[in-house]
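J.: Residue numbers (my numbering), protein chains in the order written: chain A, 64 to 645; chain B, 64 to 645.
If you are wondering where the hints come from, they were derived from the structure by calculation, not from laboratory data.
All of these numbers come straight from a predicted model, not from anything done at the bench.
Check each hint, because a few of them may be wrong.
If several chains are the same, the list does not tell them apart, and a pair holds so long as it fits within one copy or across any two.
[What the hints assert, rightly or not] In the EDC-like style, the derived pairs of lysine to aspartate or glutamate whose C-alpha atoms are separated by at most 16 Å in a straight line are:
#1 K582 / D287
#2 K616 / D491
#3 K249 / E166
#4 K582 / D607
#5 K249 / D272
#6 K492 / E166
#7 K360 / D197
#8 K384 / E224
#9 K195 / E381
#10 K312 / E330
#11 K353 / D294
#12 K356 / D74
#13 K578 / E262
#14 K616 / E631
#15 K249 / E226
The residues making up each chain are set out below.
Protein chains: 2
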Amino acid sequence: MFIEKVNSPADIRQFSTEQLNELASEIREGLMNRLSKKGGHCGPNFGFVEATIALHYVFNSPVDKIVFDVSHQSYAHKMLTGRKDAYIYDEHFEDISGYTNPEESEHDFFNVGHTSTSVSLACGLAKARDLKGDKENIIAVIGDGSLSGGEALEGIDFASELESNFIIIVNDNDMSIAENHGGLYKNLKALRDSDGKCECNLFKAMGLDYKYVAEGNDIEALIDAFESVKDIDHPIVVHINTLKGKGYKPAETEKEKWHWCMPFDIETGNSKFVFEGEDYDDMTCDYLLKKMKEDKKVVTVVAAVPTCIGFTEDKRKEAGKQFIDVGIAEEHAVAMVSGIAKNGGKPVFATHSSFFQRTYDQISQDLCINNNPATLLVNTASVYGMNDVTHLGIYDIPMMSNIPNLVYLAPTNCEEYFAMLDWSIEQDKYPVAIRIPCNGVVHTDKVVDADYGDINKYRIEQQGEDVAIIALGDFYQIGEKLAGLITKKTGKNPTLINPRFITGIDKEMLEGLKKNHTKVVTLEDGIKDGGFGEKIARFYGASDMKVYNYGLKKEFIDRYLADDILKENRITPELILEDIYA
Amino acid sequence: MFIEKVNSPADIRQFSTEQLNELASEIREGLMNRLSKKGGHCGPNFGFVEATIALHYVFNSPVDKIVFDVSHQSYAHKMLTGRKDAYIYDEHFEDISGYTNPEESEHDFFNVGHTSTSVSLACGLAKARDLKGDKENIIAVIGDGSLSGGEALEGIDFASELESNFIIIVNDNDMSIAENHGGLYKNLKALRDSDGKCECNLFKAMGLDYKYVAEGNDIEALIDAFESVKDIDHPIVVHINTLKGKGYKPAETEKEKWHWCMPFDIETGNSKFVFEGEDYDDMTCDYLLKKMKEDKKVVTVVAAVPTCIGFTEDKRKEAGKQFIDVGIAEEHAVAMVSGIAKNGGKPVFATHSSFFQRTYDQISQDLCINNNPATLLVNTASVYGMNDVTHLGIYDIPMMSNIPNLVYLAPTNCEEYFAMLDWSIEQDKYPVAIRIPCNGVVHTDKVVDADYGDINKYRIEQQGEDVAIIALGDFYQIGEKLAGLITKKTGKNPTLINPRFITGIDKEMLEGLKKNHTKVVTLEDGIKDGGFGEKIARFYGASDMKVYNYGLKKEFIDRYLADDILKENRITPELILEDIYA
C-alpha cells in the first residue's frame, strides 16, 4: 500500500500519476473503513480526495498553508499529514477529531467546525506573511455550500484588497448539506456549463482573478491547475467541479443522505444505527406540518440544516412554499423572520444552538428592538447535544437570554415544549426563543399551561419548605430527583420550581421563598457564567438566602461524555445533596 | 412652500416635475436647517432627496413598503411622511429620532441603525405578503457602502428565491462612511462606467434582474425607472448613481468629513462644536502609529469606522500597509485578525461596542477556540457612549465576557488603558479585548501594572474593612467617591478593588474578603444581566457576604441622558450609600 509509506506530504511528491491514483483509491478505502464503523462526514470527503492529493503534491505544506472550510473535506488531508492510522486502524480512531486541529498537526492552522470561515482566516495568514516579508502560498479551500454565508462573502469581497499571493479553491459539488439555495448557485451552474467562460462571474464581480477546472476529480488536471497558480502574485479563485460522494455509489446518488453518516454496512449502505422511539426532530416536523396546513401564514425557516427539525426532502415538498431553506445564511434568516412577523406572517426559524451564535446582532437589532413576534427554535442546546468543541450547545443562555425584549423559554417535558411552541406561534407580542429539549422525550401526566403570556411567571411544581430547587429546562428531572433525595434525608419536602422563562426572574415568587426557605438551588443546562442561576444569585445577593448555582464551567470542552462533565461540575442529585448539607 | 403642504406621500403625486424639483430644494433647506443646528447624517441624506421623492411619487406607501438600510438616507422620507416639522421648525427637532422608527410613522417598518439589514428585512415582508396572497410592492433601499456586509450579501443572494415582486434600490454614491473597500466596488465602478451594461455584474451573478439609472439625482429619470419596475413579478436591482452630499458644496467635496456632522456654520462649513483637550480616539491613533513604526508586525484593522480610533485619512496614509479598513465586514475582520495573529502578526481590531455584536460567533469560533493572540478594542462601550437604541454600548459585557478563553479587560484610567493595550499587543498567549474608557480621559499618579499575564488577578487600590467595593472600568471613579462617602459616614475605610478582568473572578482575593468584610458592592458600566457583578454574587451565593450589584437594567433605552439612567439605576455614590446602609 502506498498510503502506508506516506507520513508527510513530501512523501507523495515522487509518486507517478498512476501511483497517485492508486493512492486515491487507498485513501477512499481508509475513509470507508473509518466512516462505516465510526460515522462522520462522508460525501464531501469522498469528493475531495483527488484535490487533496494534488494540493499536497504541488504545494509545500506547512510552509505553504492550506486552510479548510468547516473541515468536512479535510479527512484526506489528515491522512496525508501523518494521521492515516486513524482511518486505517480501528484502534486509532480516537486519535483524531473530525475537524482540522492544530493540536494534532502542524499542517492544520485552525480548529474549524463552522462554515464559511476559511477565506477570512486565510486572508489573515496572508496579511501576516506580507507584513513579515515572507513568500509562501496561502490557500483557502471552501465548498460551494459555504459560499452563501455572510462571513465567506465578506472574505471573498475583501480578498482582492490583499494584492498578493492568495489562492481560493472553490470545491463545487453542487450541493450544500441539502440542495443549495440562493441566486449565486445559478451563477456557479452557468460557470460549470460554460467551462468557466461565462462573462458574468461572481468571483470576478468580487474583484478576483479566476480559473476553472471541469475535472475536479482528475489528479493530473488538478496538478496542472495548481501548478499554474502556485506562487501567483495576486488573489485568484480556482473553481473546481467535484462529485460529492465520489467512489461510493450510494453517496454519489443520495447526496443529502450521505453528507454525514452514522456507522453503516458498506455492501447495502444501510445504517447500523437504528433509532426507535420518539424524537423531537420528527415530532417538531409533524407538529409544524399540521400547523402550516391549518394556517397558511405559518412558515418554517431553516438554514441548511433542514433535518435538525426533521424536514427531510419529502417533508419539505409537503410544506411547499411554507418551508424556506435559506442556505447557510443564519443572519439573513433571523432578519427575514422579523420581517415576516412584521407583515403578519407566523415564522418559526430553527437551527442548532451553536449556529445561532452567527445571529447575535440580528436577534438584538433586527428582531428584538423591533419586538416582532417570530419564533426561534434552538436545537441541541444542551450538554447532551453535539460534543465537538466547535458545535457545543452550552453557551446560548448567556448569549441570548441577556438580550432585551427576547422571551427565552426552557420547556421541561414534551407536552410543555409543544404548548410553548403553539403559544409562541399564535401570540403577537414578543420575539420568542424556545430550547428544544435535548434529554430524551420526557412525558408528563400533569396538565401543562397553554398560555405563557404572563412573562417571567415561574411555576411551583411542589410546594415545600427550607430548600427551593429552581430547575430549568433539561435539568428539571435532576431537580425532581434531588427533591426526592432531600425528602428522604430530611423528612421535609423541598419546594420544586419550573421557571420556564430563562430571560427573567419571578420577583414575587422569589421574594415569597424568603418566608420559609433558607436555601435556593438553581440548575441549568449550560455554562454558569452569564447564565440563569446568576440572576437568582444577584436577586438574593443582599439577603440571608443561601444560593447554590449549578451549571457548567465556562470553558471549551471537546469530545466529552456528558456524564463525565456533569460529575466534574457536581451536577448529580447526590453531589448536590452533599454540597447543600455540607 | 410646497413642503408645507405635504403631510403624506399622496400629497406629492399631483405635483409637476418642476414642482417636484422645487420640493427637492425645499427638502434640502429643511435638512440644512436641522443638520446645521443639531447635526446628524449629512452626505447620504443630501444625495438621496430626488430618489426619495421619486419613490414616494411612484409607490403607494405604506401599502407599498419601503425599507431603508441603516436609516442614514431616510431623512427626506421622514419629511414626506408627516414629519417635516422636525426639520423645518427648531422646536420640533426632538419629535423624531435619527432612524426609521415604526413608533413615529406607519411608513416606517423597522427601527434600523445597523447597516446591511434592509434586504433581509424586506425579504421577510415580501414572503409574508406572498403567504397572505397580497400584492403590494416591497422595496429595499441599500447604499453601496452597506453591500460589503455579510447580512446584506446573504440577503441579496437569497432574494432571487422569492420569485415574486421585490425591488432592491442600490443607492451608489461610491462611498462608504470613508472610501469603500472590497473587490465588489470595482464591479460597481465597471457598471457605472458602462452605463450598467458590463456583462460581469455582481447582482446578476447573485441571480437577480438588473436596471441601471445613471442620473440618480434626476427626478424624472428616477420616476421613469421606478414606474418601469412597479408591480414587477420577480426580484430586481435598480442601481442608481447618486452624488453624496448633493446640493451642499462642502459635503460634495469632502465626502468622508460630511458623512455625519455636528452643528456647523452653513456659510463656512466649520463645525460649531470645538472639542479641546485629550480624547481617546486621537491618543489611541498616536499610540498605534508609533507602535506600528517600531514593529512592522503590528497592524491596525477597522471596519468602515476608521475615525473611531482617530484614523483620519492622513493617519491612514501614514500607517500604509499596516492599516486595513475591511469595509463594513466585522465578521471578516475578527476572523482575519485571528489569522494574522496565528501567522505571527500583532493585530488590533477596533470598532464600536454595538458593532462587535456582529461578531459573536467569530470571536468564539475563529478567535477564542483557536486562542490566537489578537487584540480587540471595544469603543463606546458605556452608558456614556452613543445613546440611540440601535447603537447602545451597554451589552458587550454579557455578550463577550462569557466566551471562554477571551481575556476582557476594563481599564480604569488612561495610563492603565495604554499599559493594557501594550501588554496585549506584545503577549502571545490570549485573545484579548479591551474596553476603551468612555468617561473622559482620567489620569492617575499611581504606577499602573505593565503585565496583565496573571489572569483574573484583581488589584486592591485601598485596603479597608467591612465593605469592599469592586468597581469595574469606567465606574471605578464612582467607586472611589463611594469609598470616600463610606469613610465619612462610618469612620472606617472600605476596601476598594480594581478588578481589571471582566472575564473572571479572583477567587483568592474574594475568599480573603470574607475575613473582615460583610458587604461587597460591585459596579459595572453595562447591564447587570449576564454581567460582571452577577459572577461575584454567584461566588458569594452560599456564604454570609451581602452582595450589592450595580449596573443598568436589561432594556432597550433610546435618546437618554446618562445621568438620568444612572439615577434610575441608583448608580450614584449617594444612592448606593443609602442602599447598603438601609
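J.: Taking 16 Å as the upper bound on the Cα-Cα distance, should K360 and D197 be classified as within, between, both, or neither?
T.: between (57 Å within a copy, 12 Å between copies)
J.: When Cα atoms must be at most 16 Å apart, do K312 and E330 count as within-copy, between-copy, both, or neither?
T.: Answer is within: at 10 Å inside a copy they meet the 16 Å cutoff, but 76 Å across does not.
J.: What label fits K384 with E224 when the C-alpha limit is 16 Å: within, between, both, or neither?
T.: The answer is between: 11 Å across copies meets 16 Å, while 40 Å in one copy does not.
J.: Under a CA distance limit of 16 Å, which applies to K249 and E166: within one copy, between copies, both, or neither?
T.: Neither: 39 Å inside a chain and 40 Å across chains, both beyond 16 Å.
J.: Between copies, within a copy, both or neither: which fits K195 and E381 at Cα up to 16 Å?
T.: Answer is neither; intra-copy 56 Å and inter-copy 18 Å both fail.
J.: Between K582 and D607, at a C-alpha cutoff of 16 Å, which is it: within one copy, between copies, both, or neither?
T.: both (9 Å within a copy, 12 Å between copies)
J.: Check K492 against E166 for me: Cα-Cα at most 16 Å, and say if that holds within a copy, between copies, both or neither.
T.: between (48 Å within a copy, 15 Å between copies)
J.: 16 Å Cα cut-off: does K578 pair with E262 within a copy, between copies, both or neither?
T.: neither (76 Å within a copy, 76 Å between copies)
J.: Should K353 paired with D294 be assigned to within, between, both, or neither, using CA atoms and 16 Å as the limit?
T.: Result: close neither inside a copy nor across copies, 57 Å intra and 33 Å inter.
J.: With identical chains, the pair K616 and D491 could be close in the same copy or across copies; at 16 Å between alpha carbons, which is it: within, between, both, or neither?
T.: neither (36 Å within a copy, 24 Å between copies)
J.: At 16 Å max between alpha carbons, let me know whether K249 reaches E226 within a copy, between copies, both or neither.
T.: between (28 Å within a copy, 14 Å between copies)
J.: How do K582 and D287 come out at 16 Å by Cα distance, when the copy is not named: within, between, both, or neither?
T.: Classified as neither: same-chain Cα gap 71 Å, cross-chain 72 Å, threshold 16 Å.
Checked against the numbered hints above, the structure breaks hints 1, 2, 3, 9, 11, 12, 13 and satisfies the rest.
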